[in-house]
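Participant: Modelling step: build the complete structure from the supplied sequences, incorporating the hints.
Residue numbering for the sequence shown is -14 to 67, as defined by the numbering used here.
Bear in mind the hints are in silico, worked out from the structure with no lab data behind them.
Hints should not be assumed to be uniformly reliable.
Now the in silico label distances, taken between C-beta atoms and shown as ranges [claimed, not checked]: (1) E30 with D6: 28 to 34 Å; (2) M(-3) with S47: 43 to 49 Å; (3) R23 with T60: 34 to 40 Å; (4) D53 with E30: 25 to 31 Å; (5) A57 with D(-5): 55 to 61 Å; (6) K59 with E29: 30 to 36 Å; (7) S14 with A64: 44 to 50 Å; (8) P(-4) with R18: 36 to 42 Å.
Heads up, simulated SDA-like pairs for lysine to any residue below, C-alpha to C-alpha not over 25 Å straight-line [what the hints assert, rightly or not]: (9) K48 with K59; (10) K59 with V46; (11) K48 with D66; (12) K48 with A64; (13) K59 with G41; (14) K59 with S47; (15) K59 with E30.
Note that CB positions come from ideal geometry on N, CA and C, so glycine has one too.
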Amino acid sequence: MASMNVSVPDPMRDWVQRRIDSGQYASVSDYVRDLIRRDQTQAEERQALVEALVQGERSGVSKRTIPDILAAMKTAHDATDA
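Facilitator: See the structure below:
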C-alpha cells in the first residue's frame, strides 16, 4: 500500500483527532481513505447525472403533454400496487 504525507492546519488536525477519539475511525489513514471513497462515489454520481442530462438534452423536446405524463405515472404506480 502506498503512503502519503499531508499537511493540514492545526484545527483540521484536531478535527480528525476528535473523530478518531470518538471511535468513528481507527486512524488518520482510515479517515482519509473514507474521505477518498466518498469523493470517488460523489464524482461517479455527478458524472452519471451529467451524462443523463446530456442524454436528455439530445433527446429533444417531448411531444407528450403533462396530462399524458401524469397518466403514465399513475398507471406505473397502480401496477406496482397490484
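Participant: Now tell me, hint by hint, if it's right for this structure.
Facilitator: Taking the hints in turn, this is what the structure says about them:
no.: 1; hint: E30 with D6: 28 to 34 Å; result: holds, 31 Å
no.: 2; hint: M(-3) with S47: 43 to 49 Å; result: holds, 48 Å
no.: 3; hint: R23 with T60: 34 to 40 Å; result: holds, 38 Å
no.: 4; hint: D53 with E30: 25 to 31 Å; result: holds, 30 Å
no.: 5; hint: A57 with D(-5): 55 to 61 Å; result: holds, 57 Å
no.: 6; hint: K59 with E29: 30 to 36 Å; result: holds, 33 Å
no.: 7; hint: S14 with A64: 44 to 50 Å; result: holds, 49 Å
no.: 8; hint: P(-4) with R18: 36 to 42 Å; result: violated, 21 Å
no.: 9; hint: K48 with K59; result: holds, 19 Å
no.: 10; hint: K59 with V46; result: holds, 22 Å
no.: 11; hint: K48 with D66; result: violated, 28 Å
no.: 12; hint: K48 with A64; result: holds, 24 Å
no.: 13; hint: K59 with G41; result: holds, 22 Å
no.: 14; hint: K59 with S47; result: holds, 19 Å
no.: 15; hint: K59 with E30; result: violated, 28 Å
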